[in-house]
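Protein chains: 2
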Amino acid sequence: MSTTALSEEAKARILNPELLSLVMPAAEAAAQIKSGMVLCTSGFGTGYPKAIPTSLAETKHATELTLINGAARGDRHMGALASAGILKKFCGFMYNEDARNICNAGALQFQDVHLGQLMTKVKNGVFGKVDFAIVECCKIKEDGSIVPTLSAGTTEAAIALADKVLLEVNLAVPAEVEGFHDFGVPSTKLVGSPAERYGVPYIKLDPKKIAGIVITNLPDTDLYYPDIAPIYNQIAGNVVKVLDGELAAGRLQPEFTFQSGMGVVANCVMVGLMNKNFKNLKMYTEVLSDQALYAVKEGIISEATTTALDITPLFFDDVFQNLDFYKEHMVLRPCDFTNGAPQIMAENLVAMNTAWEADIYGNVNSSHAMGSYMINGLGGSNDFARNAKLSIFTTPSTAKHGNISCIVPMVTHIDSTEHDVDVLVTEWGYADLRDKSPKERVNDVIDHCAHPDYREALHAYYDGAVAQCGACQTPHDLKNAFSWHVRYSETGSMKQE
Amino acid sequence: MSTTALSEEAKARILNPELLSLVMPAAEAAAQIKSGMVLCTSGFGTGYPKAIPTSLAETKHATELTLINGAARGDRHMGALASAGILKKFCGFMYNEDARNICNAGALQFQDVHLGQLMTKVKNGVFGKVDFAIVECCKIKEDGSIVPTLSAGTTEAAIALADKVLLEVNLAVPAEVEGFHDFGVPSTKLVGSPAERYGVPYIKLDPKKIAGIVITNLPDTDLYYPDIAPIYNQIAGNVVKVLDGELAAGRLQPEFTFQSGMGVVANCVMVGLMNKNFKNLKMYTEVLSDQALYAVKEGIISEATTTALDITPLFFDDVFQNLDFYKEHMVLRPCDFTNGAPQIMAENLVAMNTAWEADIYGNVNSSHAMGSYMINGLGGSNDFARNAKLSIFTTPSTAKHGNISCIVPMVTHIDSTEHDVDVLVTEWGYADLRDKSPKERVNDVIDHCAHPDYREALHAYYDGAVAQCGACQTPHDLKNAFSWHVRYSETGSMKQE
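Chains as they are written, first to last, in the working numbering: chain P, 1 to 497; chain S, 1 to 497.
Please note: incorrect hints may appear among the correct ones.
Claimed, not checked - Cut-off 30 Å, straight-line C-alpha distance, at most; resulting in silico cross-link-like pairs (DSSO-like, lysine-lysine):
| hint | chain 1 | residue 1 | chain 2 | residue 2 |
| --- | --- | --- | --- | --- |
| 1 | S | Lys164 | S | Lys89 |
| 2 | P | Lys327 | P | Lys11 |
| 3 | P | Lys439 | S | Lys60 |
| 4 | S | Lys297 | S | Lys276 |
| 5 | P | Lys123 | S | Lys276 |
| 6 | P | Lys208 | P | Lys121 |
| 7 | S | Lys89 | S | Lys141 |
| 8 | P | Lys141 | P | Lys327 |
| 9 | S | Lys60 | S | Lys164 |
| 10 | P | Lys129 | S | Lys241 |
| 11 | P | Lys123 | S | Lys439 |
| 12 | P | Lys241 | S | Lys89 |
| 13 | P | Lys282 | S | Lys123 |
| 14 | S | Lys479 | P | Lys400 |
| 15 | S | Lys439 | P | Lys129 |
| 16 | S | Lys121 | P | Lys282 |
| 17 | S | Lys282 | P | Lys129 |
| 18 | P | Lys121 | S | Lys141 |
| 19 | P | Lys121 | S | Lys189 |
No lab work stands behind these hints, which were simulated from the structure alone.
The structure displayed is predicted, hence computed values, not measured ones.
So that you can see chain P by itself, here it is in the shape it has in the complex (with noise of 0.2 Å):
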């Protein structure tokens, strides 16, 4: 492209002229890429390339690609290249719907790994090399170097693998979210504050390494939020309990720090957070929310790290008016990094996540339906859960209008095992598993969290198990563990005629 067809305001955002000649349309830049290549895409929620993976989308010249990324779930991204048949394999976070399907049709392998170790997989060449990367950004520095948009995710470790890389210059995105990240940090460094700073805000990018750049104008759209039923809002009045139970009892500090998973339960208990008064707390989370942006104007939440805000485009247009503000309050990072055990250990963090079901015993599925079919991606779950002080899972007690008990003798997939899991939350109540054996946790798990039409039926389960083989260390009938999910499938309900 002639520079003299490029707008003031794109070249204002590259200020080493020498690049402006490689200023390209998508389609030139997506033509650089081949069948069998493995790309690692920025973004991680929002912040993803658009152009170049809807241009290969609609070409298909090049196939059976290998997508590594975070958590960027966009239909101008994910979707459209799974949607066109291109991808081979993912690795990353599984959300959109697209791929999901796709996936669960057998056209696309999935790998799901712990957020927090994808890119060490990477690094040490588990998929081979990886041939390009392509980021999204709003800035190229004199030097090279990048600014990102509001994400940090994989992107600092994509751009030091590939070979080569294509960038999208995002317009929507005013460059002066410079100052938002924190690059160039030594993986071994702990972090003071969620808000302090270590490195640098861009990251370092060899310009010969630049093999195309592309201008947009494409503000991330692809998130909203599902409509907040009122079980929901028990749920998070049910976690706010815990939280309350657990600063009565000396267990944790009123300025505690926190980590709360994606999705409408994470953002009530957000909103049960503030209507409870809590002040100043800390944040070393995967996602920010539109909830808890406004939980850092309020004051609720003092100061954040975070991999990539997950926001809707009301909470963009705030972001972009009040940058100074936002920066002073919270940290883009790698989610090497968010997602990291060290921080996480040494912050004896509450960490707060989401189940799809969960057994009598306290074993989590995140991430499959009849342990068969994926759902969504296990993400950074048990990355939190694992390391946690304090470990939540939180889910309905029932899904499709009462068909399914999310409560069941025996979860058909697991992500986060009965050791990394502390309490479990319903719209019922909870159960605290933390100093129970197997065994001694059934009653609450049953009685606190289950719904009540499947209460009865669940302690038959136990005692017919016990029947079986004795108060063993984990009663289990094998025969009927899985006679819940069966009856389902057959019937369309869980529950015994």
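Based on these hints, arrange chain S on the given structure of chain P.
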């Protein structure tokens, strides 16, 4: 006890004369323990108190006790307390045969936790106040500080958290063991090299906390190794093949760092490493066996950090005769550190642990028979597997004379999820799961790891699952997922007629 009755040898072990008045018979020390108390004991394989637990078991004056300990499985400790029926609850590593049987009979509540997190949970108040620490040592210093015997385990934290401390000074262990340990190091400190020291070789102990001192002369004799069947050497040979492959691919350096779990396969691997002329390896591990000490002597292992010597009487003599040599090459540190994520992550460790069964997708059961009966606790296996650079699990392909396949359609209990298992090894070969989706793993696990007698049936299970639910993320036929286990329970064999 009058101090004149004390032998000169005993007096030489207690350097603070004021403490001599606290020397008492084991029964008098044990008498201070009351029903319902929470006890933390020292030891981890070796180094546990023997006289006071034996006395408690004899008098049975205190019942409903909670015992917290790292991995001290000895009959004079765990076995005696459990067999006496005075334990309500145990939290730590379950390995003692009597205790396991009592647990599976329902008369002892056992809570299995990741050993690396055990004392963090105690510190967080999960089990309430610790009434007594009961600790074996070889020396009490002028200020009350103690030099433990040949383990570190949970002892430092137990002493810090307990209201009162009972000490057993074991004359069978020379006082010159002093210098083997490294205590008083901040929990966030990373170690530069396994044998480097940063703290002090003793545990600080306020003499006011000491409630009694018992003099013993009781060598650690509980450990023995079973005979090595050819199959274990075949498994070890396949592990060495995996390591050779990593070296050849440049993913491992010739002087790599590793962890090795306990057990006969681990010991055979050590011999395999010696036979292949590996040199200057480093270990960060939970326990060191006879074979590991031999490897240190031979220069195969140049340095090791461990939390305990898990050795037989033969090697105790060798250690006592060569204390300076072993102190130079190894350090005993608390198991919070040895099993803690930060150092394991920093080391790019190769972790080698044992599975009881694994499934076609790579999930590992380390602890339960038929999903119900405790075999042994998960110990530190997942501490290492979860954070290692390369996580290897080994198992014989069959058990019970071929009537149990250790490779099954679905494991009945999960301690390490498919996300934490990189390579699965049996006597038949190995399956590298690292770059594979669940479905992509199936053929390798079946054809490289399962016993030939079960391969056809495993393929049939998978094909049946796909026929039923399509080639979704993790195809399972929930009606038949445990049919092999049920068949074993009913017929004594997993084999189909």
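Broken hints, numbered, in rising order? The structure conflicts with hints 7, 18, although it agrees with all the remaining ones.
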